[in-house]
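A.B. asks: Here is how the chains run, residue by residue.
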Amino acid sequence: MIKLKITCREATDITLKAEDRRMPLTERLSLRLHHRICGNCRRFYRQVELMRLASARWRRYTEED
Amino acid sequence: MTASPDFCRQIETLRPVLLKYARLQLRNPAWAEDAVSDCVLAALEKPQSFAGASQLKTWLIGILKHKLIDQIRKNSREMSTTASTDDGEDLDDLLFAADGHWRERQHDWGNPEDALRQLDFMKVLEACVDKLPGQQGRLFMMREWLELESDEICKELAITPTNLWVMLHRARLRLKECLQAGWFGAKTGAAI
Chain H
93 MIKLKITCRE
103 ATDITLKAED
113 RRMPLTERLS
123 LRLHHRICGN
133 CRRFYRQVEL
143 MRLASARWRR
153 YTEED
Chain U
161 MTASPDFCRQ
171 IETLRPVLLK
181 YARLQLRNPA
191 WAEDAVSDCV
201 LAALEKPQSF
211 AGASQLKTWL
221 IGILKHKLID
231 QIRKNSREMS
241 TTASTDDGED
251 LDDLLFAADG
261 HWRERQHDWG
271 NPEDALRQLD
281 FMKVLEACVD
291 KLPGQQGRLF
301 MMREWLELES
311 DEICKELAIT
321 PTNLWVMLHR
331 ARLRLKECLQ
341 AGWFGAKTGA
351 AI
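Going down the list, the sequences are from chains H and U. Count along the first sequence from 1, then add 92; that gives the number in the numbering used here. Count along the second sequence from 1, then add 160; that gives the number in the numbering used here.
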C-alpha cells in the first residue's frame, strides 16, 4: 500500500525537490491530494513557482546592461 | 590581434560587476579575484571574438561563467570540506510544528509579474541570494545562475544527490523567508 497522506512538512520537501529532479508519480499524487485540503501548501507551491520565474529573470538581468 | 586601449577601458569598467557575481558564486574573495582575472585576460587575448553582436557585459559574463566552473573544479575539495560549518540554522524546525503543520500562515505572493517587472525586486532577490550561507549559496548559484543540472553539480563537487537536495531545500526555504520579509511582507504590511 503506497502512502498518499502527507504532512505539510513532507509536502514542502516534495515541492522543493521537484525543482532539482523529476517528481515521482506517488509524490505527485500525494501532493495533489494534500493541496485539496491545504491552502498554506497551495500558496507555498505558488511561492516556489514565483521564485523559479524570478531566478530566470534575475539571470537575464545579470547578463544585460 | 591586441586589444585597443578603449576596449581595455570598457572591460575595466565592468570589472566590479564581474567581481560581484564571481563572489556570489564562489563565496571566496581570492577565488573570485582569480576567476575575474582569468576572464579579463581571456577577453583581452581574443577581442576579435567579441563581434559586437552581443553587449559587452553579456559576452564577459559568458566568459566568466566558464572561468567560475574552472575555479569550482579547482577548489571543489575545499568547498566540500568547509560545507557543513557554515550551514546556518535548520529552518524546517522553525517553520513546522512537531505534527508537521506550518506554524505560520503562508502568504499569497500574488501575480508573479507584479514583482518580477520591478528592478527593486531584482535587487532584493540578489541581496537574499547573497545572504545564503556559503555552500548553500554556491549550490543555489550553480543550479540557478550557472544553470548546471543536478547530476553535473554532484559530479563536480563529489557530493551525493541526497546531500545536494538537502542543501538546496534549505537554500530555497531561506530564500523564501528572505523574500517574504524583504519584499512581500514589507510591501503588504502583513505580519512576518
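Possibly wrong hints are sitting among the right ones.
[As the list claims (entries may be wrong)] Just so you have them, the derived chain U footprint on chain H, three or more residues with Cβ under 8 Å:
| hint | segment |
| --- | --- |
| 1 | 98–106 |
| 2 | 116–125 |
| 3 | 134–146 |
| 4 | 150–156 |
Derived by calculation from the structure, the hints in this document are not laboratory data. In this text the structure is predicted, and so the values were computed from the model without any measurement. We put the beta carbon where it would ideally sit given N, CA and C, even for glycine.
A.B. asks: Confirm or reject the coverage of the segment 150–156 of chain H by chain U under the rule of 3 or more residues with a beta carbon closer than 8 Å to the chain's beta carbons.
C.D. replies: Contact hint for the segment 150–156 of chain H vs chain U: holds, 6 residues under 8 Å.
A.B. asks: Is the coverage entry for the segment 116–125 of chain H by chain U consistent with the three-residue Cβ rule at 8 Å?
C.D. replies: Since 0 is below three, the answer is violated.
A.B. asks: According to a criterion of three or more residues whose C-beta lies within less than 8 Å of a C-beta of chain U, is the segment 98–106 of chain H covered?
C.D. replies: n = 6 at 8 Å, threshold three: holds.
A.B. asks: How about the segment 134–146 of chain H: do at least three of its residues have a C-beta closer than 8 Å to a C-beta of chain U?
C.D. replies: holds (count 10)
Checked against the numbered hints given earlier, this structure breaks only hint 2.
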